[in-house]
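Chain C: place on chain X using the hints.
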Amino acid sequence: MSDQLQTATELLLRPTGLGNNELIQTLNRVMGPQIDYADLYFQYSRHESWCMDEGTVKSGSYGIDQGVGIRAVSGEKTGFAYSDEILLPALTDAAEAAKSIARSGNDNKQIRIHSNDQDIKRWYQPDDPLGSMADRDKVNLLKEVEQIARNMDSRVSQVMVSLTGSHDVILVARSDGELAADIRPLVRMNVSVIVEGNGRREQGSSGGGGRYTYQYFTEKNRAHEYAEEAVRQALVNLQSRQAPAGEMIVVLGPGWPGILLHEAIGHGLEGDFNRKGTSAFSGRIGEKVASALCTVVDDGTIENRRGSLSIDDEGQPSQNSVLIEKGILKGYMQDQLNARLMNMQPTGNGRRESYAHLPMPRMTNTYMQAGEHDPEEIISSVDKGIYAVNFGGGQVDITSGKFVFSASEAYMIEKGKVTYPVKGATLIGNGPEVLNQVSMLGNDLKLDSGVGVCGKEGQSVPVGVGQPTMRIDRLTVGGVAV
Amino acid sequence: MEVAEVALDEAKKQGAGMSELSIDQGQGMSVTVRQGEVETVEYNRDKNLGVTVYFGHKSGNASTTDFSPEAIKSSVNSACNIAKFTEQDEFNGLADIELLATEFPDLDLNHPWAINMHQAIEIATLCEDAALTGDSRISNTEGATLSSHDGVDLYVNSNGFKGFARGSRHSTSCSVIAGEGDAMQRDYWYDSKRYSGDLIPADEIGREAARRTIRRLGARKIKTGEHPVIFEPAVAASLLSHLVSAISGSNLYRKASFLLDKKGQQIFPKTVQIYEQPLLSKAAGSAVFDSEGVATSENKIVSDGVLESYVLNCYSARKLGLKTTGNAGGVHNLTIESTVDDGLEKMIKDMGKGLVISELIGFGVNTVTGDYSRGAFGFWVENGEIQYPIQEFTIASNLKEIFQRFAVVGNDVDGRGNIRTGSILIEKMTVAGE
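Protein chains in written order, with our numbering: chain X, 1 to 482; chain C, 1001 to 1434.
With the rest of the complex left out, here is chain C:
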């Protein structure tokens, strides 16, 4: 807090009309065990201060990891110097005072774990061992990792806002390999929670990593064609992240989005509901205020398939003549409601024939046009059952069409990350293979 005072005072002294700063501090540990032996033990301790100063509507930004008063003053000076050379931009500035968060409910996000290295090694060993011993087809391992981090983010601005957010995050992960030579396959599994007691037991993570890897053995190529495609929850979340990117303010005011001017229009089938849950207890993306101090809210983004809201911060909102949606720094627990009371298994059965995608690679997504073409791994489905694993193919379409073809959203919700979705069935995509 003293650090913040030093920075704000210095900015004022330099003649900045407004200023804001964020201070992030965190610590943690990460232990990886491979083939039953410790591979790495890493201790993290990070801190960073970022300051933005405003001279009228001109701004400058600087950051430092050194918290000595001299270094902080020097950073503020650097920011002020930059502001001399940037240009007046009437949309620049702090959040309007009436939008700032005034209530700070406890969202139960901070549970530091007093775990020592030896306990961490024990858990990681248990996890990897479960993956290696269950099935003789597991031939190699990339190891199991246990990591634990906690920290505090502070945001202060010259309009009098001061907000703390403390949080912790602990995770267990395991990645193993099955098969030999040209037939090798790798997959992984993980869990990540705010409170260590909520983590799925380490041996279950290991067994799931092994199961997911073994099911990929014997993967074949697939013929080029058009098919329905089911995205497993962990990869379905990426489709929603493309939505967020396309409706985020910075892409809208630059006209760099395929969803430009689509507010109020039907972009998904009527069954689709997408909203934020920023105040969800213990969740990955929970926050009371965004990175500009603005109170978060339960934004309805898509209702009955209609795009209701964009994802804006103060700057992009002013540019677009709209009000910020409290999304400086991103969305908070973006959630798509399940459209059925079933999960993946039933969805495969109902699909009859098509693909299940378990992993995506590459960056073939164009937010300007919506063009979509990504490498994938998965399974071929016929007669309502998985027939065999498939690889070395792409799935392609345009995101406008993909969104319109959101036929089914399952109830097998993956709650580990900031995007919460079940499996998603897209009615038709182009599959390029042999």
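With the rest of the complex left out, here is chain X:
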């Protein structure tokens, strides 16, 4: 038995006397002649946050969420119930509610609990971030970062620093007898500053994290760099002019601008939308959806990344899936339900926000492979365009394929040179078209610093993105200067 499975069993099942027999009993209760699949998802999650604002550590919070979600699947139908009490009577009630989608009746299938848990590759340590640093030191770290930001420039008027950590223990028991567990640490730091000068006020922010303990921030001066980066970005914005409006060449910087991939194509390649035929990418496997330069993967197996998973929330080992290879659409991201209905293999993308939410196909770390160009060469190839290096959020309408993402740091390129910063503009395009406009890719693939949150149908999960410097020959820039 792996450490993960042992810890999860002790934490989630043992306190209320649950064991394999009770798991089998509950799964048997859910299963019936018309039920194809059922699973139990146990979770015990502790999380904390510390915030520094206006020079003082004003608030801290700590919380525990625990519970069990029970799901029954019959064809395309799903029944779902959950309880925040991990007790047999609560499991029984939830099981009865979940199976209400099918006519009652009992199945004679013998469920035998087994686990391939030993063979699962682990992409992060089962550490507890909350206990990895004394509370006093967490507070001191916040203060230190705040001071660095303040001391950088006299125009810094506000600094907000936050530190959050969570320790998530999950256990999945499936009707095919598979039992798997995962222990997921996650830490994140964010620095956001406001600067004032010339009668203007602008903001900048930076941060990072991953599946580490808090020591990640003290190593390699990372926390200090976030402070410096936030101030640098805010000062750039203080000099910014109005962004232009209309179609033009757009060069995206490496790393976080990979949010383009997440919005423009990632969501459109999630299995549920494609099974239902509601995505602009539905039925297009094997078709050319990008220029031949583009190879895009979703990879949950990168060590310690924010979007990485050793197993997904259905107990499926995470993997590196090729979505687009040299411009050709290769595959979708799948959970158990949609893979089965589409007659495809699950890809380890079944994710859920918590035991109180249903799993669905979600991204992990989505990025584009590097190209061959020197990034400088890409910029110098542009006569007039935008160079966007930092972004806020994005969104997509998967049916029409239209997506947006908003720049938080961008520059004009004129005659091959980066000339002046422009105010954050929203970029809008069409998912199935935009990657066909990619004409140059840098040799500088970079992943984001570990800040991504993806929302879908009201559920948030941590994700990662990445890409090299990228030239897009035509994209609409939503500035105000006509």
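The set of hints was computed from the structure by calculation and includes no laboratory data. Don't take every hint at face value.
Derived, one-sided and incomplete: chain C residues facing chain X with beta-carbon distance under 7 Å [as the list claims (entries may be wrong)]:
#	residue
1	Thr1040
2	Arg1254
3	Val1340
4	Gly1343
Cβ atoms here follow ideal geometry from the backbone N, Cα and C, with glycine treated the same way.
Just chain C, lined up with the frame of chain X:
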């Protein structure tokens, strides 16, 4: 209530001078039908306890979903432990006693619906069927959902305040797709009410979802330029939510707002009146007290275009040297008065030439500077009539200018949510397209 006593007692025992807690409990069901078949049946049952303790002006907060006495005591301990490491902040603390709500009128917000799964499936099926059968251009569906929830929120503090708020919410929604391949379009419609009997009939929701989807077929791009823009009510509400964000206390004391120090100044045209209606019967955002127990009031936020009031809780009010506006947890039925006795149709006619926006995507709004640039879907208007649907464009401006250009507010008020507005005409915005 016993749970609350356990928590308050424990906080006192730990030496906390003051403490407060909120307990939320709710249950419900949600059923989705797609292509005439049940897709999901979800049963919800949630509870959460949040406790904040104060040692002098130091505070700590913890929450738990486990209501056993041990878990509650452990949460209180965690909160107390955190308070040891946070710093003295003189503005921290409970609401002043004289501000707490003392009267608790019944706002008619709680109408639990004794609906079973089969009835819910029937209603959702009726809704989707109406969307799918009315027009052959409807090609696919994301389904129809019926959901019903009710619950109780309790807020208690060591100054002796105890307040309950019971409420229910039921909704019907439907989302369908028209067209094929590259020409696919999706839209949706919904209704949401406190009392199930007030819901718009399910088949009407379905037909409206279909109508809204079909009207988007054949969407074109649009040339870059400057035009008047009408926001349909459901998207107009977002403009007012940006106002709320810019005048909320936490953004003001951090100087993170483009409306800093604008109280008393003209920020909208003289015709604009914006206020809260917290005691509106059966409405989405109604409340007798806010999340600090402070009595809500009918705050006048903008009168004759002048910013009259900010949106504050106790902490931000003390920071700013002002009095709380009873807005801990947000605004209550924020309402903008119609400036004309007409709705969208007449506004389109009067505009002559410009855009109608039916959906916005993305997060391109900067509260510090007011810079605004969002992706949009909508319609091109010429000669006072909609000519064709448009897509893949952005609308941009600065919120300071957008507010000054609130030319017309229609009477086609969307009363489903916490922000109540009709269609809004903005005189000029930059449209980026081809």
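Checking each numbered hint in turn, tell me which of them this model violates, lowest number first. Of the numbered hints given earlier, those the structure breaks are 3 and 4, listed in rising order.
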